[in-house]
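A.B. asks: Sequence:
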Amino acid sequence: MKRGLHAKLMLIMTLLIISLMTVIGAFLIRGVIKFYLNGFYEQMQSVFSQPDFVAELRDAADRDDGAARIAKTLGAYSGPLGINFGTRNYYILEGKTGRLLLASNSDKTVAFTPNILTALTGKEGYKSDNMSDYMDVALPINGEKNSFIIYIRDNKQTVQDLNTELFLIIMQALIVGLVISVLLSFLMSKTLVTPIQSLTRAAERVSEGDFSKKIEVQTQDEIGTLTRTFNRMADQLRTTLDGIENERNKLSTVFQHMTDGVLAFSIEGGLLHCNPAAERMLGLSLKDGDSGFDAVFGGFVSMEELKNLNSPEYAEFERNINGMDLEIALAPFFVYGKLGGILAVIHDVTAQKKADQLRREFVANVSHELRTPITNIRSYAETLLEAEDISPDTEKGFLQVIMNESDRMAKIVQDLLTLSRFDAEANFNFERFSFSAAIKNTYDSMLLEARKNNLRLTLEIDDDMPAIIGDRARIEQVILNILSNAVRYTPEGGSVEVRAGHDRSTVWLSVKDTGIGIPKEDLPRIFDRFYRVDKARSRASGGTGLGLSIAQDIVKKHKGSIKVESVLGKGTTMKVILPIEGSIA
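Read left to right, the sequence shown gives residues 0 to 584 (numbering that gives the first Met the number 0).
Careful, some of the hints might be misleading.
Stated by the list, open to error - Below 16 angstroms or equal to it, Euclidean Cα-Cα: the simulated EDC-like pairs (lysine to aspartate or glutamate) are:
#1 K353 - D324
#2 K33 - D132
#3 K213 - D234
#4 K556 - D461
As the list claims (entries may be wrong) - Cβ pair distances, simulated, as ranges:
#5 E203 - Q235: 32 to 40 angstroms
#6 M232 - Q255: 29 to 37 angstroms
#7 E317 - L250: 26 to 34 angstroms
#8 Q255 - F210: 21 to 29 angstroms
#9 L308 - K558: 29 to 37 angstroms
#10 G339 - N245: 31 to 39 angstroms
#11 V566 - E304: 17 to 25 angstroms
#12 L167 - V53: 39 to 47 angstroms
#13 N440 - Q255: 23 to 31 angstroms
In short, the hints are calculated from the structure, not lab data. All residues carry an ideal CB built from backbone N, CA and C; glycine is no exception.
Using the sequences provided together with the hints, build the complete structure.
C.D. replies: Laid out in structure tokens, this is it:
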């Protein structure tokens, strides 16, 4: 850059000096020529306007040797006329024909010039021509007998010599001027180029993202103003870029971690952007170069159809891909008013559809569970109302059935309310209590029921069992639910083993029975609401199908877990694990 500006400055200065010297030289040379021309003709007019001189010439012309006498007279006035017999000479011509009679030099002939032609007509010839290589005057001298033409000619050699000298002076001045221009251009380049170089280096640093250095303002002129403006611009640009980078990082984080899949395709169909959620939902590695629009969505919709959509129109469809229900919306996006490509947003609605299905199943199960006792109550009540010959014992039995069904409905409603409170983040009364005492209380409450069913119920608790933090009533409800299920579904003569222990951070309760067991395919659903493995036996034993669901919700609220192992026909083992220092989830 320095070399370029320096060369430009030197070229400008050189052209300036050359142009200036050319103009000055032209004016000088023209002025010299004009000066000599004017001087020549003024000198001639001055001399030839003297009456005595003109009278002598006319007197000489009347003599027989008039040409010689005229020559003698001109010789006497050679000083005033400037005749030096070298560059300026006189010629005496015959007045009518213009024939050369005498000359101050050795010329034998004289070429006719406009002034000579004018003199031949009897008029004085003082016409000047700047372009000719001579200066001349021609004056007719008429006597009574003879007529002559005095012709004085200057070959401009003096002017040419002077112009040559002027040219040499101009060339010398030009050389000196060129040297001065080089020095001035160097000084000017130092003055002008140095701050411009600083601005250039600063601009290069800014273009590379380096805003750490500012340019020092050394002058108060326009360059200083430019430097201060550049520093302010760099600061503003840095602030703007930092803001853009911050926003870009935020958007990138959101884009990378959002649950919806997002893809952007160019107008040619090439993949521009995609996030991990889109790759996971579509089951593709979209970073491959061949993952274009047709490879991803070509089987669903054509890109040409999407290009013809106008904002806010969009295309939407649902597809099941890799076992996931996906809602896919595609729309064109625009950049500076022109179509930039296609944007796709993918929403996984699998959980939503599953929740809707579970909700429908739940409503159906509730309806079914309530319809059965209501139907029984209605049937027995109608029988009591319509029958007239029912015995007291039969009537009492019918009323007992109605009472049992009412209790069953109340239990279902109570369990539903309990689940509803859990879903609504019901408050738990967390406090430190003895886990072993809670187990013993529940064990004691079920001991009579186990003996009634001819079951062997045993309890084994590790020594130094730590107290835990939790809601004692809710934990006892879990233990009671699991233990009552074990007693209810174990045939007579079977056994139920209750064991409890702990490790460094958790306590656990294991209930192992020799009951009917659970089929392997039913294990994943035993915690679903209203799900029963043996529906007939469950209803006969008074179960609602909500106990294990409630138990699991309580354990989860305590940040614990329930594990189930079962073999059909051999028995089931359920294990509850709770943290010692628990807190609500």
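A.B. asks: Run the structure past the numbered hints and jot down the numbers of the failing ones, going up.
C.D. replies: 4, 5, 9, 10, 11, 13
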